[in-house]
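Based on the provided sequences and hints, a complete structural model is requested.
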Amino acid sequence: MKKVIKKTAKKIKKDMTFYELIESNPDAARKLAERGMFCGGCPMAMMETVEQGARAHGVDVDELISELNTKKKSISKKRKAVKK
50 MKKVIKKTAK KIKKDMTFYE LIESNPDAAR KLAERGMFCG GCPMAMMETV EQGARAHGVD
110 VDELISELNT KKKSISKKRK AVKK
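For the sequence shown, my numbering assigns the number 50 to the initial residue and increments by one for each residue that follows.
A hint or two may mislead.
[Said to hold, decoys possible] Okay, derived cross-link-like pairs now, SDA-like style, lysine to any residue, Cα gap no bigger than 20 Å in a straight line:
#1 K59 <-> I71
#2 K59 <-> N118
#3 K60 <-> N118
#4 K63 <-> A78
#5 K120 <-> P92
#6 K62 <-> R79
Rather than coming from a laboratory, the hints here were simulated on the basis of the structure.
In structure tokens form, the structure reads like this:
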């Protein structure tokens, strides 16, 4: 019997590293890139938090977190609809 391990997207928080963010929410990479934040390919992604990266790029962290979490919810709903 083969076990299927399903990854679920975590709620995005400002103390997550970019690695954790993109690992658990791969669709977030595109949203970050739209803001000029190419954090998925940055060597600092393993250590830098979303809050630190947002500050470095002059992005309001609370607005970014809200946008990413809203985007995550809409993507999840679309995936559920496609599976039906």
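Structure-based check of all given hints:
1. Restraint check: the Cα-Cα separation between K59 and I71 comes to about 10 Å, which is no more than 20 Å; the hinted pair holds.
2. For the proposed pair K59 and N118, the alpha carbon gap of about 9 Å is at most 20 Å, so the pair holds.
3. Taking the CA atoms of K60 and N118, the gap is near 7 Å; set against the 20 Å cutoff, the hint holds.
4. For a cut-off of 20 Å, the pair hint linking K63 to A78 stands: about 15 Å separates their Cα positions.
5. Restraint check: the Cα-Cα separation between K120 and P92 comes to about 25 Å, which exceeds 20 Å; the hinted pair is violated.
6. Between K62 and R79 the alpha-carbon distance is near 17 Å, which keeps this suggested pair within the 20 Å criterion.
This entry does not satisfy hint 5, going by the numbered hints stated previously; all others are met.
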